[in-house]
Amino acid sequence: MAAVFPFSAIVGQDEMKLALLIASVDPSLGGVLIFGDRGTGKSTAVRALAALLPTMRAVIGCPYGCDPAKTAGLCGACTVKPPAAVRHKAGVHDDAKTHAEAKPHAEPKAHAEPKPHHEPKSHAVPVPVVDLPLGATEDRVVGALDLERALAHGEKAFEPGLLARANRGFLYIDEANLLEDHLVDLLLDVAASGENVVEREGLSIRHPARFVLVGSGNPEEGELRPQLLDRFGLSVEVKTPTDLPTRIEVVRRRDTFERDPAAFIHAWEKEDAKLRRKLSSARSHLAQVDVPDQILEQAAGLCMHLGTDGLRGELTLMRAARALAAFDGATTVTEAHLKRVAAPALRHRMRRNPLDDSGSATRIERAIAERFGA
Amino acid sequence: MIPVRPPASSGLSQSASAPEHASHAPQAPQVGAAASGGRSGHTGQRLSWRTSERIGECSGQRNHQRIDQRNHQRIDQRIDHQRQVVTSAEPGRSPAAAAVNDRQPTSPWVDSLEALALFAVDPHGLGGVLLRARAGPIRDRWLAALREALPEATPMRRIPLQIGDGRLLGGLDLAATLSSGRPVVERGLLAEVDGGIAVIAMAERVEAGVAAKLGSALDHGEVRLERDGFAARFDSRFGAVVLDESAHEDEAVPAALRERMAFLVDLSDIPLRQAIEPPVDREQVEAARACLPSVTIEDRWLEALCATASSLGVDSPRASIAAVRAARASAALDGRSAVEEKDAVLAGRLVFAPRATCLPPDDSAEPPPAEPPAEPPPPPPDENEPRAEEDKPDQEPPDENSPDQNPRDENPPDENDSGRLPDEMLLDAVRAAIPAGLLAQLQASLAPSAARSAGGRSGAVRRGQRRGRPAGSRPGEPRGGARIAVVDTLRAAAPWQALRNRERERARSVATSVTTAAATAAATFTPNAALGAGSMSPSVPRSVPASVPVPVPVQGRRIEVRADDFRVQRYRERAQTTTIFAVDASGSQALNRLAEAKGAVELLLADCYVRRDQVALIAFRGAGAEVMLPPTRSLARARRSLAGLPGGGGTPLASGIDASRALVEAVRRKGDSVVLIMMTDGRGNLARDGKPDRDRAQADALAAAVELRVCGVQTLLIDTSARPHPAALKVAEAMGARYLALPYADAATLSGAVKQVVSRGEAGGMGRGPARTVA
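As given, the protein sequences belong to chains A and B, one line each in that order. Take this note's numbering: the last position of the first sequence gets the number 374, and nothing is skipped along the way. Take this note's numbering: the last position of the second sequence gets the number 1149, and nothing is skipped along the way.
This is chain A alone, in the form it adopts within the complex:
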C-alpha cells in the first residue's frame, strides 16, 4: 500500500474537509459529493480520511464488519449466532465455518427468533474506506461466487463484494459521473435500503450494507443524475486555490511528501491524532447535542427561502449542524453552526434560478444574510 498523504496536511479546501469530517461524525447524513476542478485533491482527501478515522469494533471474522454492540442491522450470521454456552446447550449445530466461509444456505436463518444478545468476540479494525474503481464489474460490487473455491473445490460459496467491505464505512466513487448506469442504479438501491441482496443461481444472500457514499467528479465530464445527486447529504464544490501562498504551500507539501513520505506522515501525525480525537469525542456525544426549536425554525425558513426540493434538505441541514456542533465540542447547535453547513447541505438541492447567474453558494450566503440579518 502506498503511503497516504495525511489529512491534516491538505492545504485549504476547508469546506471539503469539513464535509468529510461531519459525514464521519454522523454517517446518517448520507454521503458527500465533491465536485470541482481537477487537481484539487479530491481523491487525496478521501484516501487521507481512511487513515484519519478512529478505529471501530467489529465482530471477529465477520466479512461485513458487524458492530458487536448492536442487535439490529447485523448480518445473518451475527444476528443468529447465540453465545457459545447457549449454543452448546441447545445443541444448535454450528456450521463451524463462520462468516468468512458462510454457506449461503446458512443465511436464511437470519430471521430466526431473536436471542438474548450477548456480545460476540470483537476486535478493533480501521473504518473501511472502500474505493470503487472505475471499471469494476457488478459481481465484485455486490459480491458473487467465490472463484477459487468454486473452481478448485466445486463449492458454492459467497464471496462478499465491495458493498460488504464498505459496511459501516465509506464507499468512494471517483469520477462518479462516469460510473456505468447499471452500477449507479444498484448503488442507489443499496444505499437507500442499507442492505445488499444477492440472488443468483443458488446464492441467496442478504447482508447489511450501510455506508457513507462519497462521490467525486468533474462537472465537465457530465452531470450527475438527479436521483444520485439527491442521495448525497452534503455537496461541496472544490476550486483551484488562486492565491499564491496557498498554491506554493500545496506544491511544497506535495513535494516534501514525495521525497520522504514516512517523515512527512510522521511530522503530521500529531495533527492527525488531534483530529482523530476530536472525531471520536464528537461521535460519542453526538446524541447529546441539543437542537433548539428556534434553530429548527431557522433551518426550515432558510430552506423555504431557497426553495429547496423536499424535506430532505431541512433534515440534512439540521443533522449537519448537529454534527458540526458535536465536532466543535458544543452541546447546543447555534446559528453559527447552521450557517457553516448551509452551503454544503443545500447547494445541490436548489432549483436553478435562471434569473440569478450567481453560483448556488452565493445565493445561499445571500439567503442566510437575509434571513439572519447579516
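Check each hint, because a few of them may be wrong.
Derived Cβ-Cβ restraints for the label pairs, each shown as a range [said to hold, decoys possible]:
| id | chain 1 | residue 1 | chain 2 | residue 2 | range |
| --- | --- | --- | --- | --- | --- |
| 1 | A | 301 | B | 620 | 45 to 55 Å |
| 2 | B | 1045 | A | 69 | 17 to 27 Å |
| 3 | B | 609 | A | 301 | 53 to 63 Å |
| 4 | A | 206 | B | 731 | 31 to 41 Å |
| 5 | A | 300 | B | 609 | 44 to 54 Å |
| 6 | B | 554 | A | 243 | 55 to 65 Å |
| 7 | B | 620 | A | 188 | 29 to 39 Å |
| 8 | B | 712 | A | 182 | 26 to 36 Å |
| 9 | A | 4 | B | 731 | 49 to 59 Å |
| 10 | B | 549 | A | 55 | 53 to 63 Å |
| 11 | A | 243 | B | 1073 | 54 to 64 Å |
| 12 | B | 879 | A | 3 | 47 to 57 Å |
Only part of the chain A face toward chain B is listed, based on derived beta-carbon distances under 7 Å [what the hints assert, rightly or not]:
| id | residue |
| --- | --- |
| 13 | 139 |
| 14 | 149 |
| 15 | 156 |
| 16 | 184 |
| 17 | 254 |
Heads up, incomplete: computed chain A residues facing chain B, CB under 7 Å, no partners named [as the list claims (entries may be wrong)]:
| id | residue |
| --- | --- |
| 18 | 133 |
| 19 | 134 |
| 20 | 135 |
| 21 | 154 |
| 22 | 157 |
| 23 | 175 |
| 24 | 197 |
| 25 | 200 |
| 26 | 206 |
| 27 | 252 |
| 28 | 275 |
| 29 | 304 |
| 30 | 307 |
Derived by calculation from the structure, the hints in this document are not laboratory data. Keep in mind that this is a model prediction, so the values were computed, not measured. C-beta atoms are modelled at their ideal positions from N, C-alpha and C, and glycine is treated no differently.
Chain A is fixed; fit chain B onto it per the hints.
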C-alpha cells in the same frame, strides 16, 4: 552572411541525420558557423551538407532559403555548442542536458527533446508527454528517440483506442481458467506497462471512461482490479505518451489526460530536416535516475515556479507539481544534487508555456531582458522565430513584444539577473517560450471550448442495445434484439463449471440409483447430453430455464452456460435529435402570416425527414400553450396537426416558451438532443397567469426566455411579423437563440439556418453551451 568553407571534414557523424543527408557530398559553399565564432571544425562539416543542399536545390526561393538557412545555422550552432560541451568541457553531459543549460535559441524539436530527456528520467513522476503530431516520420523519430533514451528493459506498450476494460485493467483469463480449473487473473495492459511507457494513440478519440482509468492509474501508480470475481492490485507506475492527432477545434484530448501530462509538445510543424538532433544518451538517463531521489529544490525555486504558473494563468496545481519534478529531473540529468536556475527555467518553459492562458503585464521598464532593438539579432526576429510556426503568426497581438523574442536575446542571467527575483526571471524565460499567437488562438477558442466542456460530450452519446460502438456488456437476457456478448458470457460461466459438473454428476447418480421419474430415466439414457441437469437435480433450488452446452474441443468437456451467465452487449450510439416547433398561433399573427409559418414548418419537416429526426409541435394561443404533437417520427401526423392548427386569440408568449422548455427537458431526459424552432412575432400580450397585460406579458416572456437559455438548448427564433420587430429580437437575445426574420427568408435561407442550428446542436452534444449569437 558569408559562405565559409569549413576545414576538411571528418569528425562525428550524426546518425540521426544520416539517412537524409548521406548522399550529399560536402562540396558546395556553406553558410558558416563562423558567425557565431569559436566552433570546432567538425561541426562545420555537418553544416556544409545542409546548406549546400539548400543552395544547390532551391535557388528560386531566395527568401525562404535565407530564413531556413538561418534556422539551420542556429540549430547547427546549438549542436555545435552542445558537441563542444560533450566533447570538451563537461564530459558527463548529454546533448539534451547541454540544451538545458545554455540559453541559446531553441527550436521546437530541441525543446521536444529536452522534454523527452526529462521524461525519460522520471516517467511516472512527470506523468507523460502529450505529443501533438500527425502520424509521420517526425513523430516516429521522437518515439524512437524516447525508446533509445530509456533503459533497454523498459516496457513500451501501445494502448489501442478501443481497448476494453478487461484488457486495460485485467480480469479473468478465460482460457487459462477453463483449462487449469482454477481462477487465473489476467493482468491488464496497465499492469504490464508498469515501470515503462504507455503510448496512447489517437488520444483525441479516447473516451472519458478510458481516460479516467488511465488518469487514476497515473495518479496512484497502481491499478485496482475489482472485476470478474477478482480483487487485486497491480503496480502500474508508468509514464504516458499521449499522441494527439486532432485536426479540428472540436477534437481534443480529454482534459483528464491532458492535465496529467507534464509536457505538451507540438511536433506538428517541425520540418523533417530539423529533426536531426542526436537522441538522448541512455546511460545519462540511467545515471540521472539514480540520483533523482536525492535532488533537492530550494524554496525560492519552488515559489518562483508557483508564481510563474499563477501569473500565466496556469491554474491546476498539477502543473506546478509537474514543473517541480521536471526541474528535479533536469538537475539530475546534469548530475547535480540541487535544482538551479537553469533547471527551473527549463521546467517552467516546458511545462507552463504551452498551458499559459494569460500573459502578465510586461514590465518593459525592467532592464535585464534586452529588447531586440538594443541588441539586434542577425535574422529578422519574427520570421526566424522557430516558435512562430503557428498558422497565424501575424495574429500576434502587437503589445506582446517579448514572446516572439528568442530567449537568446536575453542576457545570461548570471551576469545581469543577480538582483532580480527568481520568479521574475523565470517568468520572462517562460514568456519567451510561449508560442506566438497562442493566446490569440486561445481567446478565439475560449467560447466554443467552454460550450464543449459544459455540454458534457458524454451526454451526446447514449447507450443503446443494438447499434453503435460496443460499450462493454451487462448481465441480461439476450432478447428484445439485445446481442449476446459471447466471451463475457463464457467468462461469467467459467467459475461455475466445476460446481455444475458436480451437480450433474450427482443428478446422474441420483437418477441411476432411484429409477423412478420419467425425466430422470431420460437422463440416464442420454447421460452425455446432461442438458437439463440443473432442472432435474433436486438439490438445485432454482429451476434453470436455459442451459446451453458449448463444446470445448480441447478438453472434450462442455461448458455449461445458464441463464444467469448471459451477458448482453451494450452499444453506444449517437443520440437522435428531436426538433420541436413552437408556433405562435395567436391573433396578432394575422392569419396569412400563420399560413406562411405553417409553410415554413412544412419545409423544415422535410429536412427533419431526411435526417430521420423526431418532431414535436407546440402551439400557443389564447389561454395558453398546448403540445399539439408529442415527439414523433411520423411526419404525416405532424403535417396534419399543423394543418388543423386554428389561429386567433391573445399571445401567451411566456406560456409558449415555458411549454417549450418543459418539452425540451422531457426529451432531454430520454437522452435525445433537442433543437427548438420557435415561430413568433415576439409580441406577447398575455402574462403567465393569462391576464391581458402587455408590459407584464413582455417581462414574463423575457424571464421565460432566460430560463430557456439556461437549458442551453439550440434555438432558432423565426420572426413571423410582417416587418421585423425589435420585440422578437429581444426575446431571441434573451433566450440565446439564433434570430431569423421570416419576411426575408426564402425556403433556402430558412432551411439553411435550421441546418446550421441543428448541426450545432449535434456537435455541441446536449448543447448546453453559452448563448448563441444572434444572426
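Structure-based check of each hint:
In this structure the supplied range 45 to 55 Å holds for residue 301/A paired with residue 620/B, their Cβ-Cβ distance being about 52 Å. Roughly 47 Å separates the CB atoms of residue 1045/B and residue 69/A, a value that falls outside the hinted 17 to 27 Å. Here the CB-CB span from residue 609/B to residue 301/A is close to 54 Å, well matched to the stated 53 to 63 Å. The hinted window of 31 to 41 Å between residue 206/A and residue 731/B is violated, with their beta carbons roughly 53 Å apart.
In this structure the hint that residue 300/A and residue 609/B lie 44 to 54 Å apart at CB holds, the actual value being about 52 Å. Between residue 554/B and residue 243/A the beta carbon distance is about 59 Å. The supplied range of 55 to 65 Å therefore holds. Between residue 620/B and residue 188/A the C-beta distance comes to about 36 Å, which sits within the given range of 29 to 39 Å. Between residue 712/B and residue 182/A the CB atoms are about 53 Å apart, so this pair departs from the stated range of 26 to 36 Å.
Separation of residue 4/A from residue 731/B is about 32 Å and departs from the stated range, judged on CB atoms against 49 to 59 Å. About 43 Å separates the C-beta atoms of residue 549/B and residue 55/A, a value inconsistent with the hinted range of 53 to 63 Å. Take residue 243/A and residue 1073/B: their Cβ atoms lie about 41 Å apart, and the range 54 to 64 Å is violated. Against the hinted window of 47 to 57 Å, the Cβ-Cβ separation of residue 879/B and residue 3/A comes to about 51 Å, which satisfies the hint.
Below 7 Å, beta-carbon pairs count as interface contacts, and residue 139/A has one with chain B at about 6 Å; its hint therefore holds. The closest approach between the C-beta of residue 149/A and any C-beta of chain B is roughly 9 Å, which is over the 7 Å cut-off, so the hint fails. Look at residue 156/A: its Cβ gets to within about 6 Å of chain B, closer than 7 Å, so that hint holds up. Violation of the interface hint for residue 184/A is found here, the shortest Cβ-Cβ separation to chain B being roughly 12 Å, above the 7 Å cut-off.
Interface hint status for residue 254/A: upheld, as the beta-carbon distance to the closest one in chain B is roughly 5 Å, under 7 Å. Among the interface hints, the one on residue 133/A holds; its C-beta lies about 4 Å from the nearest C-beta in chain B, closer than the 7 Å criterion. Annotation: interface hint on residue 134/A holds; nearest CB of chain B at approximately 5 Å, less than 7 Å. Annotation: residue 135/A was flagged as interfacial toward chain B, and the flag holds, the nearest CB pair being 4 Å apart, inside 7 Å.
The criterion of a C-beta within 7 Å of any C-beta in chain B is met by residue 154/A, whose closest approach is roughly 4 Å, and the hint holds. With a least beta-carbon distance of about 10 Å to chain B, the hint placing residue 157/A at the interface is violated under the 7 Å criterion. The interface hint given for residue 175/A is met, as the beta carbon of that residue sits about 5 Å from the closest beta carbon of chain B, less than 7 Å. This hint is violated: residue 197/A has a C-beta 15 Å from the nearest C-beta of chain B, more than the 7 Å allowed.
Interface hint at residue 200/A: satisfied, since its Cβ lies 5 Å from the closest Cβ of chain B, which is below the 7 Å cut-off. Proximity of residue 206/A to chain B is violated relative to the hint, the smallest CB-CB distance being about 15 Å (cut-off 7 Å). Interface restraint check: residue 252/A against chain B, minimum CB-CB distance 6 Å, threshold 7 Å, status holds. The interface hint given for residue 275/A is broken, as the beta carbon of that residue sits about 23 Å from the closest beta carbon of chain B, more than 7 Å.
Of the supplied interface hints, the one on residue 304/A is violated, with its beta-carbon coming no nearer than about 21 Å to a beta-carbon of chain B, more than 7 Å. For residue 307/A, the shortest C-beta to C-beta distance to chain B is roughly 14 Å, which exceeds 7 Å, and the interface hint is violated.
Against the hints set out earlier in the document, violations occur for numbers 2, 4, 8, 9, 10, 11, 14, 16, 22, 24, 26, 28, 29, 30.
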